[in-house]
Each structure stands twice: as C-alpha cells, then as structure tokens.
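Dock chain B against chain A, hints included.
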Amino acid sequence: MSQKDTQQHSGKDSVEDSNGQRRFGRTELPPELQEAVKRAIRLEWITIGVLAVIVAAVALVMGNSQAMKAAWIEDLLSFIPPIAFLIAIRIINNPPSRKQPYGNHRAIGVGHLVASVALLVMGAFLVVDSAIGLITAEHPPIGSFHLFGHTIWQGWFMVVVMLLSVPGPVILGRMKLKLAKQLHNKVLYADADMNKADWQTGLATAVGVAGVGLGLWWFDGVAAIFVGASILYDGIRNLTTAITDLTDTRARTIEGNEEHPVIYQAEDHASSTDWVRQAGARVRDQGHVFHMEMFVVPEPGAALTLDRLQSLRDSLAELDWKLEDIVVVPVPELPAEVHGGTATMQSEGGQEFQEA
Amino acid sequence: MGVPRCRPSAPAAPAPPARRRAALPAAGLALTAALALTGCTSSGYPADPEGTFDKASGGTLEVGVVHHPPYVDASGAEPSGSEVELVEGFARQIDAEIEWTVSGEEAVMTALQKGDLDLVAGGFTSQSPWSTHGAMTRHYAETTGPDGKPVKLVMAVPLGENQMLTELERYLDVAHQGAQP
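The listed protein sequences correspond, in order, to chains A and B.
Be aware that the first sequence starts at 1, since it is given in this note's numbering, and climbs by one per residue.
Be aware that the second sequence starts at 1, since it is given in this note's numbering, and climbs by one per residue.
Okay, chain B solo, but in the shape it has when bound:
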C-alpha cells in the first residue's frame, strides 16, 4: 500500500488541563482544528498510531503463538490448529506473508507490547490477565473452560492499534459467523 502514513506517536504539545470552564470551549475548538489540520492520510479510519495494519498488508504479518491445542498446535514443524487456520485466512485476506514466532505466553505478550509482533493467538480468553500487554479482540467464539464454565475465545493485537483490531474483528466476524453467540 503506497499510502503515505503519519504516526504521531508522542504528544507534540498536549494542551495543559483547562483550569477554568471558559478555557474549555477554546480547547474544544483547538482540538477540532487540530483534527482538521492533521494532514494525516492513513489508509483507514480508525487508523493505527504505529501503522501495524498498513505495514502487514501486502507485507509480513508477525504472529506469535502459544502451544494450546486444539487452538494452536505447535508440536509440528509448522503451527496448526483452529486459530492458526483463522490467522492464515486473515493473512490471505490482507495479502500478507506470516512469520510465526512460537514461545510461551509471557514471551509473546511482552513482544506484542514492545511492538515486535502484530498478532498473538493461543486459545486466549476474554478473562486473560494479559490485557495489560495487548488489546484483546471481541470474542469470536465460546467454548468450555477447564473449570467447566463457558469461556470466550479472543486473540490479541498491539494496544491502541485500532485499525488492526477492527480489521481482525471484522475478519473473525465473517470467518466465524456460525459461532457468533
């Protein structure tokens, strides 16, 4: 995708907090003006602050997986399993080559937080404590957890990469429509 991207990754000059009511309308105007003036032509709305989706589209999708059959089976030469198939389908849709990283939960989630990975799968559920390290998708399916209670299956993308998050959720909605609650 040859679309120029802009990645304001740091607040250029975050306006100081309004001290008085009267400052608020002015600040609101300033924010609106900033929105209008940002010549940011990202490829989508919502856009990714770090351009994760744009970089992966037509390029390489860095996927971290954790061995967790039947969702991810990393015992073979190439990962397999239901979530691996979903990720492969997503990569096909955005015309991306997948580069797999197989490791433990902490390792892949830390890599995701650092921005080294674009997507993490491994039978994670909506109750996962790793939501501090990555943005969990809306659940794409429900199953039964080890304690017999229903759990909701999710995947993870980098925090705040909202285009990536929304596009993956859109794909999962279609790919797994039958499993929608």
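Next comes chain A alone, as it looks inside the complex:
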C-alpha cells in the first residue's frame, strides 16, 4: 500500500505505538487520517470532561423532577459511547495475530452493541417510569434553595442548568460527526449524532420544569417521556446498526442507508483487469476497515499466475485506505450471493480459497 511509507512525526498521545504511528490493525493510516484519529480522541476526552460537569450540575439541582432525572440519566448514558470509542481505538491499534487473525476491528462493533443496549434499556425504563408517574398523577414537589440570604425556587436553577448544558454537546457533536465520516467509525458517528440532538432533550426538560412552575404538574412527566423516548429511539437505531455490522451485512455507508460505493469501485477495477472476465466481491464492515473477498472468473486460456493475483490484490488495496484485508479468489463462475453472481453454488461451499 502506497501509504505505508508515510512518515508521521511523533505526537503527544499516549496510545500511539513506538514510532508515533496510529494504525487500525494491519491498516496503516494516511497522514490526514492519523490526524483525524488524534482529533477524535481529543474531542472524546473533552466530551467526557463536559459531561462530567453537566452531570454534577444536574445532580445538584435535580430534586424531585422526573424530567430532570431522565435528563440526568441521559447525560450519564452519554459517557458510554466516548468511553467505548476510547477503549476500542486502543484495542484495534494491535495488529492481527495468530489468536486474532482478522485483527481487533470488531472491538468497535462490540462497543457499539453494548452502548446501544444500555440506551435501549434505560430509555424503555424511563418511558414506563414516567408514564406510571403521569397515570398515578404524581405531583413533583420542587422547593427552593437558600442562597446568599435569598430563597429562590429550585426550578429556576434546573431551567438554567438545562439551558447551559445545551451548547457544549451540540458543538462537540458537530465536530465529531465530520471526523466519524472521515474515519468510517460508527461508534463515533452514533455518539456525535446523539450529542448533536441533545439540545432537544435539554429544551424539553427546561420547558417541563417551567410548566411545573405554572402549576401544570404533568408537564414534568410529559417532558420526561420525551427524554426517555429519545433515548429509546437512539437505542433502537444504534442496536440495528450494530447488529447489521456484527452479522456481516454487505458493507454500507456510515449513515447505513446505502451500500458502500467502494464495493462497486473495487468490482469495476477487478473486472477491468485484462485477464479477468468477471469479478464480484463479498465485503463486510469490520469497524473502520473492510474485509474483502474478491471472486474473479479468469478469461478462458488466461494464465493464473501468482504475479497477476498479487498485483490485482495490491491495486485493490490502493483504491481506499479501508481496503487492506483482501483475498482474491479465482473461481470458474461467480457465487450466487456476490454482485453479478448467477451460479447456484455458494461461496461458503468448501471451495479452495487462495490468498494472493
């Protein structure tokens, strides 16, 4: 891979390997992505710091408001994605080994799955808990604080804290979203997406508390259901993506709405090689990087030499930094499940796979 000889000055980050290079397992990253990973790590640490301040501030003022409790739990849950990201990025730094022959990229998927289950469970709990509070007409008692000789309604502090907690995560979310797309990192993407939408729950909570101040006790429970529902929705959406990736679905774009264009690019590239008649690929998303099996049907009479297979493999790897773990498999006809495949045989069906 051409990027392999890229030199990178030694940075300050402690998780880098000895020569300051950041890598995704076997995949060495081009310089702009090295920089993106470092920025993502920095942003996730900043996120954790901002969240710690928000969680402490909300805990100080939350009192008996159900909406504040929901918002507080949401903020606590928001710690999981950045922590999952930071752990995963450390783990996948290790190159593939005999024990982990595919590398450690699945760490991202595991982190993603764990985070989404936590969101799903807590979201469901909050919706049910808040709904029960509404049905049984629990009136939230919100008293006062005594500060500097003044007695001030606690709800004002809640509203101020919730409004102050809005801008930080939204700004961080927008910054991380860009990096997530660049790095093809779904945990970072999910985290950024949640941060970016955080203002809605912050505002809903503030409105809920302000409504209680007007004597509309049920505003609190309704706001709490909104917050719970938004956590639940995040959980369902992330769980779907996490399962999609862990079950080796054909690689998709980071938004998850379409097949990744690099698959078609690689197939076109392989088919346009002079000794190849037809090519089709099986591509799965391992976290940041793809694992690709390129099935090729050689032209009749074309010699299958090691050189040809090797140079096809190398040129495929140069298409995209995400492509590094590639096997080129010569077959008499394309398996049914790969793009352009018509044969009734399956690629899993005991063929001899030849790694170039």
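It should be emphasised that the hints constitute simulated quantities derived from the structure, not laboratory data.
Hints are supplied without guarantee of correctness; some may be wrong.
Stated by the list, open to error - Here are the computed distance ranges between Cβ atoms for each label pair:
| # | chain 1 | residue 1 | chain 2 | residue 2 | range |
| --- | --- | --- | --- | --- | --- |
| 1 | B | ALA107 | A | ARG174 | 53 to 63 Å |
| 2 | A | VAL114 | B | ASP116 | 42 to 52 Å |
| 3 | A | ALA56 | B | GLY145 | 22 to 32 Å |
| 4 | B | GLY145 | A | ILE132 | 49 to 59 Å |
| 5 | A | TRP45 | B | PRO69 | 53 to 63 Å |
| 6 | B | HIS176 | A | ILE243 | 57 to 67 Å |
| 7 | A | ILE236 | B | GLY58 | 50 to 60 Å |
| 8 | A | GLY149 | B | GLU142 | 13 to 23 Å |
| 9 | B | TYR45 | A | VAL117 | 36 to 46 Å |
Said to hold, decoys possible - Chain B is nowhere near these chain A residues, computed Cβ spacing over 12 Å in every case:
| # | residue |
| --- | --- |
| 10 | ALA52 |
| 11 | TRP72 |
| 12 | LEU76 |
| 13 | LEU86 |
| 14 | LYS99 |
| 15 | HIS150 |
| 16 | THR151 |
| 17 | GLN154 |
| 18 | PRO167 |
| 19 | ARG174 |
| 20 | ASP248 |
| 21 | TYR264 |
| 22 | VAL297 |
| 23 | PRO300 |
| 24 | GLY301 |
Idealized CB from N, CA, C, for every residue including glycine.
What follows is chain B alone, placed relative to chain A:
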C-alpha cells in the same frame, strides 16, 4: 386574594411520546406554545396545582400535628412547642387562621396526601419515610436524633404544591436564620 386561579389537575391531552427525533422540536414548540397560551393567572410562580397557598392566604390554614415534644406538645388544650410557634408565625405572615388537627403520623400524613391538610409538623426529619405522602421542606434546623446522630428538622406540605412549599421554606429561612447550617 381575589386573583382568579386555574387548576389544571389532570393532563388535558398529554402529547404522545415522541417516536422520532424529528418529532421532538415540534413537541418542544407545542409545549412552549401551551405555556404561552395558558391564561393561568395564579398568584405566584411557582404556582400550586391545587391552589393550597392561595386558599390558605387570608383564609384557613389546615395544620396537622403529631405530639412530639419539644417540637409539638399536644398534651394541652392548644398545641404548643417550637414548631407550633413557627407555624403560627407563618400563618400570621400569610394572614391565615389555623385549624389544628392532632393525631398520629399515619393519620395526618394520609390526610395531607388526600389534600385535607395544608401543612404537617411534628418533629419530622429529612430521613422521614413519609416523603411518599407529602413534600418535605428543606431542613430549617439541625438537632441530635435518638441514636445520637445529627438529624435535620423538616415540615411537610402536600406533594407538588410548590408555591406552598417555597413560601413556607422562605418563611422558615427568615424565622430560623440563626439555626441555618
């Protein structure tokens, strides 16, 4: 107080939980609009959903007490004790007549939960398990409990009657300033 009150005691039409992110901004707007449109002119902010404070001001303050000297001594014809004096001071401030109910903890707390009482006193502490039945005030003083550990003295008002809660806390802050931790 001749101020008209509104008491929305039941959710007229609680909006269904948002199923999608996109529904949230709209819902937020709806909530804000509901806030703006509520022509609710309660006498204060925070307001009481059941108007406890408004009804007591210039009227009758229904107080439940539990015999618990030296805070409440209910052995005489009229209750006396430090908390009784505090409650009397609060009633004077809001121009209310007190109607005392003397009974056991469970009886007064159940009456408070039902809305039959406006205030309960009786040497309750912030550790009281009765917080399911009433809203405990911020503690107004600290003392030593039966086990020798410090306890924080509180009173109770109906759950969610936040004007009542805040006004009582405001009074206790001033009346018991010396005892503030």
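Report task. Could you work out which earlier hints the structure fails to respect and list their numbers in ascending sequence? Result -> 4, 15, 16 and 17
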